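Chemist: Keeping their order, the protein sequence lines are chains Y and U. The numbering used here applies: residue 11 is where the first sequence begins, and numbers increase by one. The numbering used here applies: residue 12 is where the second sequence begins, and numbers increase by one.
No lab work stands behind these hints, which were simulated from the structure alone. Note that the structure is predicted; figures quoted are calculated from it, not measured. All residues carry an ideal CB built from backbone N, CA and C; glycine is no exception. It is possible that part of the hints are untrue.
As the list claims (entries may be wrong) - Computed footprint of chain U on chain Y, listed as stretches where at least three residues anywhere in the stretch have a Cβ under 8 Å from a Cβ of chain U:
#, region
1, 103-114
2, 144-157
To be verified - Simulated crosslink set (DSBU-like; lysine-lysine; CA at most 35 Å straight-line):
#, chain 1, residue 1, chain 2, residue 2
3, Y, Lys264, Y, Lys189
4, Y, Lys144, Y, Lys126
5, U, Lys394, Y, Lys144
6, U, Lys461, U, Lys252
7, U, Lys150, U, Lys554
8, Y, Lys122, Y, Lys144
9, Y, Lys126, U, Lys461
10, U, Lys150, Y, Lys144
11, Y, Lys189, Y, Lys126
12, Y, Lys122, U, Lys461
13, U, Lys461, U, Lys554
14, U, Lys302, U, Lys394
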Amino acid sequence: MQQNCGSRLQLQAIHKRFGHFTALDDIHLDIQPGELVCFLGPSGCGKTTLLRIIAGLEQQSSGRLLQGHRDISMLPPRQRDFGIVFQSYALFPNLSVQDNIAFGLRSLGQPKAQIKQRVDELLALIGLADQAGKYPAQLSGGQQQRVALARALAPAPGLLLLDEPLSALDARVRGHLRKEIRRLQQQLGVTSILVTHDQEEALTMADRVVVMNHGVIEQVGTPEQIYRQPATPFVAEFIGAMNFIDSPRQADGKVRLGATLLDMPQAASQGARVRLAFRPEEVQLLPRHSGGLPACIEQLEFLGTFLRARVRVAGLEPLLTVDVDPRSALHLHLHVGQQLDAHLPTVNLRCYAA
Amino acid sequence: MSQMSLSLPTLLVRQERRLLSLLFVILLLLLLLVLPAPLFSLLSRSLADAQGQYVGLANFRAYLDSGALQRALGHSLWVAGLSTLIVISSAFAAAWALTRTRLPGRGWIRAALLLPILAPSLLPAISLIYLFGEQGLLKSWLAGQSIYGPLGIVMGSCFWTFPHALMILLTALSQADARHYEAAEVLRASSWRTFFCVTLPNARYGLVSAAFVVFILVFTDFGVPKVIGGNYDMLATDVYKQVIGQQRFEMGAVVSVLLLLPALLAFLADRWVQQRQAATLTARAVPFTPKPDRLRDLRGALLLTPPLLFILAVIGMAVYASLVRYWPYNLQLSLANYQFERLLGDGWGSYLNSLRLAGLTLLAGTSLVFLNAWLSQRTPQPKPLLGAFQLLALLPLAIPGMTLGLGYIFFFNHPDNPLNGLYGGMTLLVLCTLVHFYSVPHLNLLTAFKQLDSEFEAVGESLRASRAQILCRVTLPLSLPALLDVALYFFVNAMTTVSAVVFLYGPDSNLAAISVLNLDDAGQTAGAAAMAVCIMATCALAKLLHSLLGLYLVRRQGAWRGQA
Ligand SMILES: Nc1ncnc2c1ncn2[C@@H]1O[C@H](COP(=O)(O)OP(=O)(O)OP(=O)(O)O)[C@@H](O)[C@H]1O
Ligand SMILES: [Mg+2]
């Protein structure tokens with residue numbers, strides 16, 4: 011299998027306006043060769059627009075794009091070096107699987123034998139060697155997806171763009187294809203950008219995640235960083251679940267969480283009030299009188315691998331969300347209306363300006 | 012350095028865009044030349060006297076004072092309104108029976124009900140003369156009423172507009188959502204309640220649309236009232252009388268402007284209604300298949316019988332009359348009436364001209380519509396151009412044939428027009444017919460293109476394929492079925508049209524449908540019937556060819572269309 015050499019991609023101060031609406035605002039990004047980066051964000055935040063600008067299908071209002079050392083800002087799609095997979099796959103329905111995959115090779119004018127060899131290679135790679143003669147309509151959704159991927163990879167592009175490639179598939183196939191795409195991507199070493207609004211997809215597949223909201227980048231980081239150290243309340247809330255508690259800043263620079271006074275986790279936040287954040291799994295529920303804050307369970311939700319409780323804690327304003335693993339739940343005889351003690355975390359607290 | 016290497020390809024692509032826009036602009040200008048320009052000529056002519064002096068609304072006032080307007084307009088409105096009522100109710104009943112019952116032979120019944128679309132509108136008029144005229148087979152059925160007049164016009168109009176309404180209503184009714192019917196059944200609604208609460212509301216946009224279409228068709232039709240109208244003045248025949256009979260072109264212009272206004276209003280109203288429908292369309296519907304129900308089948312059969320009998324009788328009578336030696340005295344069958352060399356100066360010439368017109372319109376129309384639809388849907392074009400194009404492409408729906416034809420006289424016959432050499436020739440006939448029937452194929456292809464994935468071109472670019480390659484290898488094969496429909500539509504309409512071309516044909520470009528008119532005028536009714544039957548047979552043949560090609564396509568493309 012010929013080894014791809016993915017290329018580095020730099021976005022510098024990309025702006026995009028549609029009339030008076032700003033879809034993208036000052037986007038800076040540096041993507042390393044062979045890296046898989048996920049654009050993650052709520053619907054309408056500008057992920058697709060950014061991807062289309064990278065592809066040249068949309069023209070940025072201002073800003074520069076560099077691929078390797080080449081300035082591609084003003085280049086049309088045909089002169090850039092990328093393969094793309096759309097949410098709808100956009101397979102050509104009148105062409106067979108192998109003709110779809112060969113499409114890009116034909117327009118490069120490669121000799122027939124070479125095309126055939128490359129197509130066979132790719133078919134083997136995606137595990138569809140026995141389906142070469144079929145038409146897209148005769149394939150399952152997951153198979154179509156893989157054909158679209160193979161078609162995009164056929165000319166060995168330096169950059170692979172994927173716009174919500176898995177969103178039209180059911181959960182099981184999706185899980186399988188995530189691994190498959192990741193494997194292919196790493197095997198070929200092609201620099202890849204994957205657009206998704208599914209955080210699980212982003213966290214499991216990406217080398218780095220770019221969290222976007224309202225046309226700006228909120229945070230760039232590894233999945234671990236994004237989850238453990240969300241840079242903004244938006245990221246904190248968007249990735250996983252998060253409890254927020256507003257608290258006045260104490261005179262000595264400490265903050266109060268329930269009954270305890272804590273050192274300020276970060277010096278960054280200013281203002282008289284701060285917003286503390288911690289994950290549901292960081293709260294511990296214990297039997298009554300074990301030294302925490304008195305709490306009462308108001309709702310219980312069974313979520314398979316764990317239970318999610320909505321808990322009212324004395325002295326704290328909003329209900330807290332607490333995740334309890336099944337074993338502790340059994341141990342505590344968890345039920346609605348139960349009086350317990352809640353231990354709030356004292357380390358690794360995130361702190362934002364309120 | 013990098014700036015240098017960039018500028019060349021960028022330039023190329025900028026140029027591709029510019030080239031595509033340029034092409035689009037040229038085609039738009041062509042459309043402007045063949046539609047708004049003639050209309051403008053017509054309008055300015057209606058405001059001038061016979062010498063071309065501007066006289067403001069004097070012509071309109073004169074027409075109003077003569078009392079002709081009130082009479083003709085009243086007649087046209089009455090006839091169009093009544094025909095619409097009859098056609099819509101019977102077509103809705105037929106569409107219901109075809110989509111909601113499991114009557115055996117529905118396919119054949121449907122085909123038979125759509126037959127009138129293949130005939131010129133003159134055919135039912137001629138046939139009705141044989142059925143109910145002075146020497147008609149069934150004259151006694153009319154109880155002393157004369158077929159020449161509103162009665163005949165309404166009957167004839169109902170005949171040829173019925174398929175237009177039926178097609179729209181069939182589409183509307185077959186888009187029904189089975190889930191609504193299941194819900195009604197679960198809620199124990201009676202079949203009448205289901206009809207009034209589910210079927211009727213779901214079809215209401217189709218009903219409105221069909222009503223507008225039929226109204227405009229009848230209101231602006233010229234063939235039927237010309238042949239069977241007797242002394243019953245209608246707006247469309249009045250245009251003809253003013254222009255051909257009395258050579259009063261400015262008055263003809265006045266009447267055709269008046270003919271245009273209601274048609275334009277109906278067109279705008281229909282657009283408005285359709286736009287509201289777009290907002291109410293919901294997610295994907297589950298297609299409805301009727302359950303076996305003998306009683307309902309019987310009801311359907313009862314509803315289908317009257318239109319079916321009427322249509323078959325009218326067609327049968329026309330064919331029979333064309334074969335009879337001398338109605339009603341010598342009923343021997345012969346092909347004497349088909350010997351056009353004896354009846355017409357140019358013999359079969361007009362028929363051959365019609366074939367030429369139809370063939371050329373098919374070729375030119377199909378390519379132009381395809382090219383325009385492709386440019387507007389599948390290439391980047393500036394927004395204002397697209398808006399202008401959309402308007403221009405739909406405008407022909409609102410322009411009556413007579414108005415268009417007269418506008419063509421004024422515009423292309425003007426001594427200052429460098430194109431006036433076209434007048435009376437085949438080129439102008441093709442242009443006029445093409446414009447007259449532009450909108451429906453345009454909408455047809457637009458729908459076909461909208462069903463294609465919007466990212467094909469983007470994928471193509473990422474794979475370094477040129478636009479032309481995507482067009483030839485993907486877009487064109489995928490839109491072949493729609494193209495086939497478009498081709499048939501142009502062919503059939505070019506074969507059967509009268510209203511626009513009646514002002515434009517010359518001695519060397521007489522047409523079959525015009526010959527029908529002239530033969531009828533000359534009292535050669537049997538010859539007229541024969542020519543009308545020839546036209547219809549030709550269209551039927553074209554339809555047959557279309558079906559065969561369609562079948563071939565299904566067999567060839569079935570595999571990838573997922574119907575193999
Ligand atoms: N051609 C356009 N004209 C005007 N506004 C546009 C256009 N394309 C996108 N937008 C707007 O830009 C914003 C970003 O759109 P984009 O498609 O990039 O969102 P997205 O993050 O991909 O969302 P989703 O997850 O729903 O796909 C949206 O508010 C959208 O309405
Ligand atoms: Mg998107």
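Chemist: Decide, hint by hint, whether the structure agrees.
Modeler: Status of each hint after checking the structure:
Check result for the region 103-114 of chain Y against chain U: holds, 6 residues qualifying (beta carbon to beta carbon below 8 Å, three or more required). As drawn, the region 144-157 of chain Y meets chain U at 4 residues by the rule of a beta-carbon pair under 8 Å; at three or more, the given contact holds. For the given pair, lysine 264/Y sits about 45 Å from lysine 189/Y by alpha-carbon distance, which is inconsistent with the 35 Å threshold. Only pairs whose Cα atoms come within 35 Å are accepted, and lysine 144/Y paired with lysine 126/Y is accepted, the gap being roughly 16 Å.
Taking the CA atoms of lysine 394/U and lysine 144/Y, the gap is about 39 Å. The hint is violated against a cut of 35 Å. For the given pair, lysine 461/U sits about 45 Å from lysine 252/U by alpha-carbon distance, which is inconsistent with the 35 Å threshold. With a C-alpha separation of about 34 Å, the suggested pair lysine 150/U and lysine 554/U falls inside the 35 Å cut-off, and the hint holds. Distance check on the hinted pair: lysine 122/Y and lysine 144/Y sit about 20 Å apart at the alpha-carbon level, within 35 Å; holds.
With a C-alpha separation of about 33 Å, the suggested pair lysine 126/Y and lysine 461/U falls inside the 35 Å cut-off, and the hint holds. Proximity of lysine 150/U to lysine 144/Y is assessed by CA-CA distance (about 64 Å); at most 35 Å being required, the pair is judged violated. Of the supplied pair hints, the one linking lysine 189/Y and lysine 126/Y holds, its CA atoms being roughly 27 Å apart against a limit of 35 Å. Between lysine 122/Y and lysine 461/U the alpha-carbon distance is near 34 Å, which keeps this suggested pair within the 35 Å criterion.
Between the alpha carbons of lysine 461/U and lysine 554/U the distance comes to roughly 26 Å, so the proposed pair stays at or under 35 Å and holds. Taking the CA atoms of lysine 302/U and lysine 394/U, the gap is near 48 Å; set against the 35 Å cutoff, the hint is violated.
When held up to the earlier numbered hints, the structure conflicts with 3, 5, 6, 10 and 14 and fits the remainder.
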